[in-house]
Every structure is written in C-alpha cells, then in structure tokens.
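Number of protein chains: 2
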Amino acid sequence: MNFNKEAFQKLTAIVGENYIFTDAETLMHFGHDETEDLSFPPQVVIKPANAQEISEILKISNQYKIPTTPIGARTGLSGGALSIYGGIGLSLERLNKILEIDENNLQVVVEPAVITQVLREAVAEKGLFYPVDPSSMGSCWIGGNVAENSGGARAVKYGVTKDYVLNLEVVLPTGDIIWTGANTLKNSTGYNLTQLMVGSEGTLGVITKIVLKLIPQNKHNVLLLVPFYKAEQACEAVSAIFRAGIVPSALEFMERDAIDWAIKFLDGISVDIRPDHQAHLLIEVDGNYPDVLMIEAEKILGVVEQFEIDEVLFADTDEQKNALWKMRRGVAEAVKSNSIYKEEDTVVPRYELPTLLKGIKDIGNKYGFQSVCYGHAGDGNLHVNIIKGHMKNDNWQIEVPKGIREIFELTVSLKGTLSGEHGIGLVQKNYMDIAFSKVHLELLERIKAIFDPNNILNPGKIFPDEL
Amino acid sequence: MNFNKEAFQKLTAIVGENYIFTDAETLMHFGHDETEDLSFPPQVVIKPANAQEISEILKISNQYKIPTTPIGARTGLSGGALSIYGGIGLSLERLNKILEIDENNLQVVVEPAVITQVLREAVAEKGLFYPVDPSSMGSCWIGGNVAENSGGARAVKYGVTKDYVLNLEVVLPTGDIIWTGANTLKNSTGYNLTQLMVGSEGTLGVITKIVLKLIPQNKHNVLLLVPFYKAEQACEAVSAIFRAGIVPSALEFMERDAIDWAIKFLDGISVDIRPDHQAHLLIEVDGNYPDVLMIEAEKILGVVEQFEIDEVLFADTDEQKNALWKMRRGVAEAVKSNSIYKEEDTVVPRYELPTLLKGIKDIGNKYGFQSVCYGHAGDGNLHVNIIKGHMKNDNWQIEVPKGIREIFELTVSLKGTLSGEHGIGLVQKNYMDIAFSKVHLELLERIKAIFDPNNILNPGKIFPDEL
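If you're matching them up, the sequences are chains A and B in order.
Numbering follows numbering that gives the first Met the number 0, with no gaps: position 431 of the first sequence is 430.
Numbering follows numbering that gives the first Met the number 0, with no gaps: position 454 of the second sequence is 453.
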C-alpha cells in the first residue's frame, strides 16, 4: 500500500522535512522492538517536537485513516510499538526533557523519552527516589513504562509505574489535548482517566507529559543470594517471607538455567553455583537504619533455613551487590542470546508460584519444549522463556502456542492473569479470551472506540483478532 | 411519579416480599446520607441477597427505565447515594460477609456491606493490616470506600482505597456480571477496569465482591501534637517534614476552631489548648522498632522547631493516643453539630497548602462566610467547612456558591482538584467545569454511556447539569 502523497505533504508541513523519514534504514530501525525477532516497519517515521505537533499529526491520521503507532525506546517485550499495519511510526524521541523536579512536593514532571535510569539518577541527586526499575531501565523510556505499566525488581515493596503516576498530558487520538487528572496524591474527582491511560499501550492516546510522585530515598540495603536445592521450595519460601511480616525491597527468583546462562553471557561475574542448586532467590531489604536491616536479614534467614538450602551469600560491598544485580538483570538477554524464544509474563498470587512453576514444566513436557523461568517472585510475576533450541519449525509454530495457551489457562485458574508488566501488545492478544469474557472484551473495545473512533492509534494491539 | 406496578411485581419476585419496601419510614431512612441536610428518598427500597439478584433487578431497571441508586452505609459526604430521581434505592446491606482472609497471599475477599473497621479488626487478628482508615471507619462500608476512593489519616504513608483494590466483582448496569481484573499485585492485561470502577461513585456498576491487598502490620507508633502560633506556618511545616526525608504514617492539620469544637462536643478530652494557638498538627510515625521511631520523632521535632510553636505533646500511652485520635476524628461531627454547613474536600500538592488556606480565608472575607478547615495535610487534602451560623438564607444560597466556585478555581490553579476523598456526587457536580475541559467531560460521559446506555444507574451524579 502506498502512503497517501497529500497526507505526506501535510505531515511534512507539520514537523518540517528534517523530521519525517521514508528511507529503508530508518523504517527498518523503527520496525522492531525487543519482542522475539519480529519486524514491522512503518511506511513513514515522524519525529514531532511537542504535543501540539502530535495533535496536528493525529488529525491528519484521522482524515486519511492512517494507522499511527507511537514508538518509544523499542525495548518492549509484547510488540506494542510495532507498526503492524504500516502507516506512521510516531517516534517520541524529541520529547526528552525532565521539565521540573519539584522538591517541595516530591514530584517530577517529565516528557516520555527520558530514559528511566536517567530520571532515577536526576531525582536521586536531590535525595529523592523514583523506585520503579524495570530490568531494561538503562535503555527504556519512562513514557513506555507508563504505556505498559512496567514493574521491576522493587515493585514488591514500592509498587509499579501506575502507583507513581499522578497526572498525564495526553494527546487523544482525535487530536484533543487533555490533562487526565491533577498533581495531587489523592483524587476522587470523576472517573480515573489517569489509570485508564496507564497500561493502555499507546492505544488510547499519546502521552506527552508525566507527573510522577517521588519518595524520600532510603540510604541502606542488604542483599542476600539464597541457593535452593529444589526450585519449588524456592517458590514456597517467597510467600513464607511475607507471612513472617517482612516486606523485602526485592525478591527475585532465578531457575538454575537462567543463572548459568547469565554467568556465561556476562563477563566478570563470579558466583559459586553448585550443580545441585536448582534455583536461587535474590532478596533485598532496604531502609535508613543498618541495624534494623541486619535484624530483618536475620529474620529472612530464619525463614529460608526451614527449606533445603545451601550457604547464603551476604553481599556486603557495593561491588558484590552490583555483580549480583548485573547477573539478575542480564538473565533475560542471556537466555535470549542462546536461542530463538518466546517470553510469557505470567503473574499469579504469590503463594501459587510453586503450582505455576510445576505446571509450566509439565506443560513443557507434554508439548516438547524447554522453558527457563525467572522473575519477580515477590509479586508472583514469573517470566517464562520458552526456548526453541533444536525444536522443529512445525512444532514451534503449532505445538508451542497450544502449550502457551495451557500455561495461561493455568495462570488464570490460579486467579492470576496473562501479563504482570510487559503488556499484551501484539503477541499475547489472541490469549485475551482466557482472561476475559466476551462481555468484558466488548466493553474494552467500546472504550477504545470512544477515544479513537477511526481506530487510527496503534491498531491491532491488545484485542484478539476475533471476539 | 408513580412507580410502575408491573415492574414492582417483577422486582418482588426477584427478592421476595420481605426485601422490598415502600413504607414512608424506610424510604425516608434511605433518602439521606451525611451530606448537609439533604433528603431524596427513593420510591422503592430493595435489599437483594447477591450479585445474581442485583443483575436481575438491573435488567428490570433497564426494561422500565427506572433510576436505580446503589446505597451503602449512607455516610457519604457528597450525596452519591441519594435517590435524586426517586426510583429504586438498592440497599447492599445483605452483602455483608468477609468471604476469605487469605493469609498465604496477604489478601482479603469481602462483600461491600462490611464496616471498614470490622474488616480492619478481622485482618488485624491475623497480624495483617488494611491501612485505609476514613474518619467514618466505625460506620462506613468498604463498598462505599471503593465507590468513592476513600482516603483517611494513614493515606499519607499507605495510600488510599484504590491502592489496595486488586480485583472487583461488578454487576454492570446492563446486568452482566464481570470480574474487573485478577487477584495479582501486578497487572498489565488490557485497560484497567478495576481502577476505572474505583471512585466511579456507583455510576458504572454495582460492586459485589472486593479483593484487597493487605500488608504486614507495624507494631509500634509514636504520636505528637504540635501547637502552632500561626496556621499558615503549620501548613508550611507539612512540606518541610517530607523534605527532611520522613514519611509519617499520619499528618493531620486542625485549625483552632476545629479543635475547640471537638473538645466541646466530645466528653473526656483534656488537651491544653492556649488561646494563641492558631492551629495544630497531629503527627504519627509507625514501624516495628521503637528506637527508630524515637529517632524519627526527634527529626520531626527538629523540623517543627524551626517554626513558631508551643510545647509539643508526646502521646505515650494508648489512652493518650486514643484521646487525640478521638478528637481528630470527632472534628467533622463537632463542627457540623454546630450549624448548617457545606463541606468541600479540596486537595492540592502539599506545598501549596499555606496558599490554599490563606486564599480560603480571603474568599470567606469577600463573600462573608466563616470557614473551619482541617484535614489530611500530608496529602494536601483540606476539608473546608463553611458555616452558615447567622448568615441570611439569601446569602447562603447565592453568595456562598460563588465563594465555593472561587475556592475550587484557586485549588485547580494550584494544580489541585475538587475532591481528594469524598467524591463529586451530587453537591460538587456543577463545579466540574473548573477541573475539566468540555472535551474531557464529554469523554467521561461517553464512558458512562457505554456502561449504562439507558442511564439507569445512579443518574444525576458526577456530571454537571449542563456541559
């Protein structure tokens, strides 16, 4: 399909010819994110300067019915930023400023294309803390975090992106610009459009300004690595820690294979992993009082020692802590470097983790695939990496999706759901019927239609192909 | 308007004749809440047993186009549960069970008509904590808290109702029954219907089951009462405490008059209030380690001593603490017992509190009304009680609304909004244009129309009479 020439001219007039692209290299660049090996290049890439230009672009998109996909840092894991119908790729890269760090109100106003880690460091300089730390925080953008309702390792204590978003400036698909709420910690004023927008994966509007709550920064932390002889016992220990009255600031689970691959993939990691360690928990507590942290660490030891564990590693120095976190954060990339893969972002109430893990392995055996599991166990959020390895293409394309469907059916039967923090995007959308009734999905679709009557903004995402 | 006889027969068949009422006493009883002296009785009161019966009732409401208003504990402060168009008053009182306290996952499943304090005490017996504590928690219901997104004194550290709601069973206005989400701490699976439902004031559905997150209970707290010679300095101190890196578990502001009236109204409160104390802050820190709490209390003292204060009262004993909290929680009733009043639930970023307080007093002077202000200062949430006293009826009906409009204009100009925790309901709806553009309000109205095409569920709330 050729791109409408008249529309192209109008778009060029909006952003100027330096900010509109049709060369193959740029289109290919914006055609992929971190989801499998998928490639869906847009026909045109536009890089608007501000909300006003985005508003004008979306009016053109409506006039000419051009599919328009907001594109962030392209670190997404569900294909949310892929231009599956071509059309316009709307890169937000020029909206990249931290507009205000408000130390009086503990808030920050930020544009979407600020790297999450850059934001965290900027507020940390003022003694403030933005706790949400997706594994990709060194490269992902805060706008994408809001669009996908990203989590990360500290969500277990501090919550996910949605818990910090106070207010959003949004360009609606119609081109209207609104603020969704107010810059307040409490708000009971009309329907919560802010929370409707968070996690809507760029289908309800283009986020152009974000007001985030900040909190005072804790000064100290203690990090423990606990090796378990049995993976399911590691999962059981997760719930036991909370029942003992402790809220760790991180509680991460890694299966044996995950840690092995991370160590192979990354340089300079030296952790003593024995062949009979089936899984590890990485457990952090944080606070302002080192004595209290030691008491809490002792309590955690008391809990995990009730299971079959090997010697616990206390990370004392920043160097050790960084090495362990580098290992944990490197798992995803390490596993994926190894083979073609599919990643599912299952989430259940945390006590159900052992049942989920066992179920995933059984399903893998039934359909003939290997999986490597790791994730934010404190939240019940288990990333399931299904490895192609030497599997035949036919099996990969036909049998594996059946297995994934069974994994999600299991997840939902445990009162969990399809995605904890990656979003549904493109690759999970045809499993949505497992989590939701037809009535429910139709309601969501009608909400989409209110915001976007011509279905021009990020079409083909979230909703199953057939209802 | 007479109630349709055929509809009445069908409704009787659904709930049985013991649970449908048309006697004047019952209708009057269900015609008021705690909002001013308003009275809007329904024509029929129905007390369904469960979601299925509610579903059948709502289908009748649709068939005969009968306005249907969900009614909880009638402790609301914005008139959300008033049957302003008559019709059916849908009392949820029979859905009053705590269905499951899940100690493994730190969750509780509860029906809407459980008194919030009863819920808090039931989970506390298991060592668990549901932190949201509206001042009315001894009589309000958890369902109403969800409908209005209630806050309370501990919101400053622990968040409001929305921060604890994981999943809801809802009867949609069409009669369909859905669960909005999953019982998980993280969820990036489709639009966040859970958060759209929270705070929607019974206009988008009838909540029949609530899954709440719980947290481990902190064992200790310290409570300070700080008398300020200048009310605006008390407001300034609020922001300064957070900037010093402390997150109190409560930070309450009371103007002089509020405390005076509470002391007069309540028996057995003996707090030494001097005539030159203009305002007080009630400050609590909580945690598991008494030594740490003393350090934090000392830090707070260090902050407040930078302002003009009198001697700080340390509440040591449970008796003293309870007396102070009784005083704080009694303020609303005390002030209201004194005169006809209107209460506004303003909220701003907390650093703007001194500006808001000064502005309210100036506006009061301009329009000739007295106001008594108190509230959850840590959240920037100031309850403004406008006292009729000896004001003439004409002024009360004509001048005061102009003043309220100016107060809300000020609030919004400070990046705040109309309601922090009471909801918009009936009495604030005609101020919604101050907070939202026409485009925004139309979007909210279209969302309402998707859920409730015949506008039968709690009509006449939230949306202004004229857009």
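Heads up, some of the hints might be wrong.
Note: identical chains are not told apart, hence a pair may lie in one copy or across any two.
No farther apart than 30 Å at their CA atoms in a straight line, the calculated lysine-lysine pairs in the DSSO-like style are these [stated by the list, open to error]:
1) Lys-212 to Lys-365
2) Lys-9 to Lys-437
3) Lys-208 to Lys-437
4) Lys-208 to Lys-428
5) Lys-9 to Lys-64
6) Lys-325 to Lys-64
Hint data in this document are derived by calculation from the structure and do not stem from the laboratory.
Here's how the hints hold up against the structure:
When the C-alpha separation of Lys-212 and Lys-365 is checked against a cutoff of 30 Å, the pair qualifies neither within a copy, at 46 Å, nor between copies, at 35 Å. Proximity of Lys-9 to Lys-437 under the C-alpha cut-off of 30 Å is restricted to the inter-copy arrangement: shortest distance 28 Å between copies versus 40 Å within a copy. In this assembly of identical chains, Lys-208 and Lys-437 lie within 30 Å of each other by CA distance solely across copies; the values are 20 Å between and 34 Å within a copy. Taking the shortest Cα distances, Lys-208 and Lys-428 sit within 30 Å of each other both inside one copy (28 Å) and across copies (27 Å).
Taking the shortest alpha-carbon separations for Lys-9 and Lys-64, only the intra-copy value of 14 Å comes in at or below 30 Å, while the best inter-copy value is 48 Å. For the identical chains of this complex, Lys-325 and Lys-64 are neighbours neither inside a copy (45 Å) nor across copies (61 Å), given an alpha-carbon limit of 30 Å.
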